[in-house]
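Undergrad: Residue numbers (my numbering), protein chains in the order written: chain A, 1 to 94; chain B, 101 to 194; chain C, 201 to 294; chain D, 301 to 394; chain E, 401 to 494; chain F, 501 to 594; chain G, 601 to 694.
Note that these hints are calculated values from the structure, not bench results. If a hint is listed, it holds; no wrong ones were tucked in.
With a straight-line Cα cutoff of 20 Å, these simulated SDA-like cross-link-like pairs (lysine to any residue) come out:
| # | chain 1 | residue 1 | chain 2 | residue 2 |
| --- | --- | --- | --- | --- |
| 1 | B | 156 | C | 204 |
| 2 | A | 56 | B | 151 |
| 3 | B | 104 | A | 64 |
| 4 | C | 269 | D | 386 |
| 5 | E | 469 | F | 574 |
| 6 | D | 356 | E | 455 |
| 7 | C | 256 | D | 304 |
| 8 | B | 104 | A | 59 |
| 9 | D | 356 | E | 452 |
| 10 | E | 456 | D | 388 |
| 11 | F | 556 | G | 651 |
| 12 | G | 656 | A | 55 |
| 13 | G | 656 | F | 588 |
| 14 | F | 556 | G | 604 |
| 15 | A | 56 | G | 659 |
| 16 | F | 504 | E | 413 |
| 17 | D | 304 | C | 288 |
| 18 | C | 204 | B | 159 |
| 19 | B | 156 | C | 250 |
| 20 | E | 469 | E | 416 |
| 21 | D | 369 | E | 479 |
| 22 | G | 604 | F | 514 |
| 23 | D | 304 | C | 215 |
| 24 | G | 669 | A | 79 |
| 25 | C | 256 | E | 451 |
| 26 | D | 356 | F | 550 |
| 27 | F | 556 | E | 459 |
| 28 | D | 304 | C | 261 |
| 29 | E | 469 | D | 368 |
| 30 | A | 4 | G | 641 |
| 31 | F | 569 | G | 679 |
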Amino acid sequence: MNIKPLADRVIVAPAAAEEKTKSGIIIPDTAKEKPQRGEIVAVGEGKVSEQGVLVKPQLQVGDQVLYGKYAGTEITVDGQDYLIMRESDIFAVV
Amino acid sequence: MNIKPLADRVIVAPAAAEEKTKSGIIIPDTAKEKPQRGEIVAVGEGKVSEQGVLVKPQLQVGDQVLYGKYAGTEITVDGQDYLIMRESDIFAVV
Amino acid sequence: MNIKPLADRVIVAPAAAEEKTKSGIIIPDTAKEKPQRGEIVAVGEGKVSEQGVLVKPQLQVGDQVLYGKYAGTEITVDGQDYLIMRESDIFAVV
Amino acid sequence: MNIKPLADRVIVAPAAAEEKTKSGIIIPDTAKEKPQRGEIVAVGEGKVSEQGVLVKPQLQVGDQVLYGKYAGTEITVDGQDYLIMRESDIFAVV
Amino acid sequence: MNIKPLADRVIVAPAAAEEKTKSGIIIPDTAKEKPQRGEIVAVGEGKVSEQGVLVKPQLQVGDQVLYGKYAGTEITVDGQDYLIMRESDIFAVV
Amino acid sequence: MNIKPLADRVIVAPAAAEEKTKSGIIIPDTAKEKPQRGEIVAVGEGKVSEQGVLVKPQLQVGDQVLYGKYAGTEITVDGQDYLIMRESDIFAVV
Amino acid sequence: MNIKPLADRVIVAPAAAEEKTKSGIIIPDTAKEKPQRGEIVAVGEGKVSEQGVLVKPQLQVGDQVLYGKYAGTEITVDGQDYLIMRESDIFAVV
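Excised from the complex, chain A in its bound form (with noise of 0.2 Å):
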């Protein structure tokens, strides 16, 4: 991916919501949950601090990710939808 994220910011693709209930009922796309879980694609180089030290990022491009419900902005990429948020908007690693 070609887009650098500023400071401490990443770019998240989301994982595909699964179109089947546990019971293997297709459900309509409205119906889906909007997923929480992604993989992130490019890292930011890290927030300068005001202290002028630069706090790098924690997570790696592949990383597997949980992310709160409305965490960041949609940003579409070649027809592609991601994710740009906060690296402190990242719950865990999966």
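Given chain A, work out where chains B, C, D, E, F and G should sit, using these hints.
TA: Just chains B, C, D, E, F and G, lined up with the frame of chain A:
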């Protein structure tokens, strides 16, 4: 558990709410008070402060903890419900 | 007490509200003013500041303290009610 | 006084509101303006800052001070009413 | 003046509002705009910052200053009205 | 100008709003857009930070600047209207 | 461009919104989505932090950037519309 919380976050397995009152009456599901007690199942590496200092967590996996009623975000891993929250949301180790 | 508060938190055993008014009249339960006085029964190890400095608590177990009417969170241990709050919620040592 | 305020708090004994107007008319209790002047009767040891620096109080017991109308919390000690507030709530020494 | 403001506070004697308009018409009391100009009559010793640094005031007694319409708290000393405010509420020295 | 702004404040002389539209029609006073461009006529000595560091202003008297529509406080000096604002309210030097 | 943004601000020339939909239909002006992509045309010298440290900008003139829909303030220079915003409003370099 193969989930690694980021920064100063921890993952808590909430204790099962007791299904009997003291007098031995079984209470229906909706009347059960949401548990505020649980076990730490994963701990982040700590938060890098503005000064570039890594502030290590005080909690360890296995700690029995008390936390606020509305603390954390629910996540589901292998069909099991957990709460992911910041260490500062934990009140005490029991 | 085998509960260890985290960081800059303390556990307070609220003093029993006096059940008699000065003139000796016994007042019913709902009219009793919620106590603002109590005894420290557990103290955390202190808060690690942004600079990585451990700021130790000034309070000790056994201190009789005054605190705000709405301070803290109620917890129940062995059938006994306590309040867990931050040291900064404590006004004074009596 | 055997009460020790914590951190940057002070205890103030409010000055009695004057019960006569300038023209000598005695005013009933509800019309008296709440006093904004008082005497410092106890001073905390100071606040430990984020840097671990103890910032000592500038006020001393016996100082006559001016403070905001709604500053502090009322406490009663031996039947006497006092106000407990942060030093920053004190405007000036008279 | 024998009042000493605390920390970064100053006491201002507001300039008397001009009682005549430019065209020489005397305006009644309620129409007079509250003055935003005054003279510094007392200055605190400065604010001790989180780092334990004493930040000295830039203002001196006698400075003619401009300040915001709603800045400060009114105090009355010997029948005279003053405003007590933080130095940061002062816009400029005239 | 004999007004000295305090700390990180500057005084701006707003540029006169153009009284003609491009097509040459004279517009009445109420329709004129409030100017967002002006000239710096006075600069403070800078702000003393929490660390006791004097952060000097980047602007100089004579700079033509752009600022937000609602920035600053209006002051009148010798019948002339000025705006006094913080340097951080200035967007750019033209 | 002869405009110099102050501190940590940048000036962005928004990319022209595409006037055709994918199917080739020309859409009227009001239906065009406000662009979130643009080119950096001017960069400030950086922000002086509380510690007196100059935090230099990471962006350069010519960078193609993504920014939030409601970021920045519109300014008009020589009949051309630009956005002036803080560097922290920029999400990523494309």
